[in-house]
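Colleague: Here is how the chains run, residue by residue.
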Amino acid sequence: MNSHFEAFKTRAEAVSAEVHRFTGKEEALAFILAFLKEAGVSDAPECGAVWSAGPFLEGARSEELRAKVPGLTFEVTREGSAAAKVGISQMDWAIAGTGTLVQDATGVEKRLVSTLPPIHVALIGADRILEDMGGVLERLRPDQLNYISFITGPSRTADIERVLTIGVHGPGRLIIVVVDAFEEVTA
Amino acid sequence: MTTQFRESIETALHNPNLTGALGRFSEAYRISRAKAYEGIDFEAVRDQIVEIKGSASSNFEALAEQFKASAEARGAKVFRTADPAQVKQYILALAKEKGVERVVKSKSMASEEIHLNKAFEQAGIEVDETDLGEWIIQLAHQTPSHMVMPAIHMTKEEVTEVFNQEVEAGQAPDIPKLVKFARAKLRPKFLQADMGITGANIAVAETGSLVIVTNEGNARLVTTLPKIHVAIVGIEKLVALVKDIQPILTALPRSATGQLLTSYVSIISGPVPNTDGSPKELHIILMDNHRSDMAKDPVFKEALQCIRCATCLNVCPVFRLVGGHVFGKTYTGGIGTILTAWFDELKKSEDIQGLCIQCGSCVPLCPGKIDIPRLILELRRRLVVENGQSLAMKAIFSVVNNRRLFHSMLRMASVTQKPFKQGRFIRHLPLFLSDMTDFRSLPAVAAVPLRDTIKNIPQPKGGEKIAFFAGCLIDFCYPEMGESLVNILNKAGIEVLFPEGQTCCGAPARYNGAYEVAAQNAQDNIKALLETEVSYVVSACPTCTVALKYDFLDTFKSVGVTDAMEAAKELSAKTIDFSTLIKKLVDEGRLTFKEGEELGKITYHDSCHLKRTLKASEEPRELLKQAGHEIAEMYECDTCCGMAGSYSLKLPEISAPILERKLKNIKDTGASKVVMDCPGCVMQIRGGLDKDGSPIHAEHTVERLADRFK
Ligand code: SF4
Ligand code: SF4
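Residue numbers (numbering that gives the first Met the number 0), protein chains in the order written: chain A, 0 to 186; chain B, 0 to 709.
This is chain A alone, in the form it adopts within the complex (with noise of 0.2 Å):
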């Protein structure tokens, strides 16, 4: 039980991300295989789904999952990730005062999948969320990584008019999907 999850849902919430919450591992994947399903991710071009696999997914669940949805791949290319309709990528920490999920970046394929793509899942544990930035800048060191990200929320602008429209370069959804059994996962 994470104290810090209600606050990072409502924040989150609030700028137009979906936040759902699941106690384990296999509930997770079930609610992704169903959204992916929902968003008609499938092997029909610009219709694709790109997953720069973490932790989440060790172990052989990879193969069985491309086995269930078509479409979907593993293999995070540009091109790849240009057409594709569906981003998914693994989070390191998420900050409960801002709603913001926060990742080291450093690898090409995480920020492909999270800024091409209109549509992004972004899986945590829920015991990576923490209070405020300052406890993340001690856990993902600028000294230490070349990219870190920070996303909150999906993509916006205001450039018109004031007009608040989701969804200009990048995502114009963001799914955040928190797992409370997480660690347990990775063991």
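Hints may be right or wrong, so weigh each one.
Calculated cross-link-like contacts (lysine to aspartate or glutamate; reagent style EDC-like; alpha-carbon spacing at most 20 Å) [what the hints assert, rightly or not]:
#1 B:Lys672 - B:Glu479
#2 B:Lys226 - A:Glu78
#3 A:Lys8 - A:Glu62
#4 B:Lys242 - A:Asp142
#5 B:Lys709 - B:Asp586
#6 B:Lys67 - A:Asp91
#7 B:Lys242 - A:Glu137
#8 B:Lys242 - A:Glu130
#9 B:Lys460 - B:Glu569
#10 B:Lys242 - A:Glu78
#11 B:Lys583 - B:Glu494
#12 B:Lys347 - B:Asp586
#13 B:Lys179 - A:Glu45
#14 B:Lys76 - A:Glu78
#15 B:Lys666 - B:Asp637
#16 B:Lys34 - A:Asp131
#17 B:Lys649 - B:Glu6
#18 B:Lys188 - A:Glu78
#19 B:Lys573 - B:Glu494
#20 B:Lys242 - A:Asp103
#21 B:Lys188 - A:Glu45
#22 B:Lys184 - A:Glu45
#23 B:Lys300 - B:Asp370
#24 B:Lys188 - B:Glu50
#25 B:Lys666 - B:Asp706
#26 B:Lys454 - B:Glu482
#27 B:Lys34 - A:Glu12
#28 B:Lys368 - B:Glu42
#29 B:Lys184 - A:Glu137
#30 A:Lys8 - B:Glu494
#31 B:Lys526 - B:Glu569
The set of hints was computed from the structure by calculation and includes no laboratory data. Bear in mind that the values here come from a model prediction, so they are computed numbers and not experimental data.
Based on the hints, put chain B with the ligands in the right spot on chain A.
Modeller: For chain B with the ligands alone, kept in the frame of chain A given last:
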């Protein structure tokens, strides 16, 4: 003032889209800003920012070297230069060497400051802005009008027109569709670009990190897809430590857009792999362009604490009328005026510095704690030192500088105004002077000034003595306000002295950059007011009070008068504004209100200097309530009325709409009286109400309180 500048103001004022958009925005902004700061101690955050940025600007050289060493150790190339031309040379040479044909940019004010796009275009390299607002501006061949929202001056119809003409015909003025269109058109540009250019919001010396903040996600694409990343960073973005990031990112999004955090923040500390596996080329240009000169200037150093949140634009009553373009090409608003004077040249600020009405609205909200109006006055002063005062101003100040001449001219005015006078107002002035009476009536100069009438008031003797500094308006136009003040203080058993040697407080001279004249005024007044031992020096004009309390000291410091400093400090300590003094006397039981009075509904206008410099806003309200009034607060009660001394003479076209807005807010309360603590505001608001034929009375608190005490 150049004709071109006047015309740009006219154009802006007559653009209903602009004034409408900015007006609505400034209203919504205050609400969303306040909400974003809920639960945050803004004062504590800005103290931290001042500490971080203040110490950074004392150490630019060392921090820049440290940044360079840290970033290079991680594999970036760092180029330091003071010269904008060298920035362009460096980038163009790099582009040539690497065969760059296409460039994408995320928002960078530093690149705009040096007109980088033009350099690319001349070199035949395709360059596209990717921030939506910047892209629109680029397509429209315009410059940004706001530091955070570059295209705020354009309507969706205008944007559609630009897209139709410059990109692809057939677009409809539907904002979500326009945004989608921009996404579709810019996406291939990101994918094809050979070089990405960004700025940075923060540069951390200890780790060589760049912190880049965006909402659209374009900076993430610009730093991910092209193989070369060039960041252009003004050295004022340097901070020492990683832990300095948090306070700045606590304030920046909250103050800029009312967000807790922008959608994206990227911290880049070294080259990352490209999509083909090669390492990215990361070039960081640390640009000085007069920033270190600024850091060495004891007055202007504080402007380097700016985090470019644009609050000072959003809350500025002048900016919301004229927008950004009148200020120039890159930096706009109050802070933009200062930056333009330094990054470009002092002369470039000659016209635009005059736009600041000195209301101080930006000061309490600036996350960098920059006293913009004070810095703008200093620009004004330096411009006068450099170029001299205009002949007209010179003539005026040579009179103000000579008390006897000044006062006899004012007395004479009461005779010469006769043909234009009707009742208590001057109705029409001939020729060019008519601008002054165009949007409000002017008060007639009183037949007998206060300095004469006061002699006829029998006063209690032998008890406490207080000196009264009347100021020109009360002395010569509104002596009845002074008489009321004497009456009230007499009820507390206090004798009010009127030191004859007092003269103009020097504010008009100071606000016009004529510091030598202001210093002379200060000297004369200090001598007159400290002549007799008194417990307080009271004034019922907040501008005069501020002059006595703070400006004399500052003026002496600026012009290097040292021998009068002690006396100025003594005067400062004794000076008090009318409402604060009366509130004190009431609290001490020395003045007692008549009981059981029901005086009805009034509204109260906060004068800029009283509220923001003297910090008195509750005192007058408390007094008016205790007297028996109910206060119906008006919308934007503490927004400037547009008077600001000679401002309303110099820029009547701006003063008039500011007044108009104030009058509307007053009328909307349904109160029959509007009360305020400043005779200048009374002159402006009373004149405006008279011109409108409104039955509402504008009064000074001192008039309202006369006869209310036992
Ligand atoms: S001067 Fe202050 S309010 Fe204006 S942009 Fe800079 S930090 Fe913001
Ligand atoms: S003092 Fe008033 S007029 Fe001057 S920049 Fe600040 S808000 Fe604008």
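Colleague: All hints, please: hold or fail.
Modeller: For each hint, the structure was consulted:
{"no.": "1", "hint": "B:Lys672 - B:Glu479", "result": "holds, 18 Å"}
{"no.": "2", "hint": "B:Lys226 - A:Glu78", "result": "holds, 15 Å"}
{"no.": "3", "hint": "A:Lys8 - A:Glu62", "result": "violated, 32 Å"}
{"no.": "4", "hint": "B:Lys242 - A:Asp142", "result": "holds, 12 Å"}
{"no.": "5", "hint": "B:Lys709 - B:Asp586", "result": "holds, 15 Å"}
{"no.": "6", "hint": "B:Lys67 - A:Asp91", "result": "violated, 29 Å"}
{"no.": "7", "hint": "B:Lys242 - A:Glu137", "result": "holds, 9 Å"}
{"no.": "8", "hint": "B:Lys242 - A:Glu130", "result": "holds, 15 Å"}
{"no.": "9", "hint": "B:Lys460 - B:Glu569", "result": "violated, 24 Å"}
{"no.": "10", "hint": "B:Lys242 - A:Glu78", "result": "violated, 37 Å"}
{"no.": "11", "hint": "B:Lys583 - B:Glu494", "result": "holds, 17 Å"}
{"no.": "12", "hint": "B:Lys347 - B:Asp586", "result": "violated, 51 Å"}
{"no.": "13", "hint": "B:Lys179 - A:Glu45", "result": "holds, 16 Å"}
{"no.": "14", "hint": "B:Lys76 - A:Glu78", "result": "violated, 29 Å"}
{"no.": "15", "hint": "B:Lys666 - B:Asp637", "result": "holds, 15 Å"}
{"no.": "16", "hint": "B:Lys34 - A:Asp131", "result": "holds, 18 Å"}
{"no.": "17", "hint": "B:Lys649 - B:Glu6", "result": "holds, 14 Å"}
{"no.": "18", "hint": "B:Lys188 - A:Glu78", "result": "holds, 14 Å"}
{"no.": "19", "hint": "B:Lys573 - B:Glu494", "result": "holds, 16 Å"}
{"no.": "20", "hint": "B:Lys242 - A:Asp103", "result": "holds, 18 Å"}
{"no.": "21", "hint": "B:Lys188 - A:Glu45", "result": "holds, 19 Å"}
{"no.": "22", "hint": "B:Lys184 - A:Glu45", "result": "holds, 17 Å"}
{"no.": "23", "hint": "B:Lys300 - B:Asp370", "result": "holds, 11 Å"}
{"no.": "24", "hint": "B:Lys188 - B:Glu50", "result": "violated, 41 Å"}
{"no.": "25", "hint": "B:Lys666 - B:Asp706", "result": "violated, 26 Å"}
{"no.": "26", "hint": "B:Lys454 - B:Glu482", "result": "holds, 10 Å"}
{"no.": "27", "hint": "B:Lys34 - A:Glu12", "result": "holds, 16 Å"}
{"no.": "28", "hint": "B:Lys368 - B:Glu42", "result": "holds, 9 Å"}
{"no.": "29", "hint": "B:Lys184 - A:Glu137", "result": "violated, 39 Å"}
{"no.": "30", "hint": "A:Lys8 - B:Glu494", "result": "violated, 66 Å"}
{"no.": "31", "hint": "B:Lys526 - B:Glu569", "result": "holds, 11 Å"}
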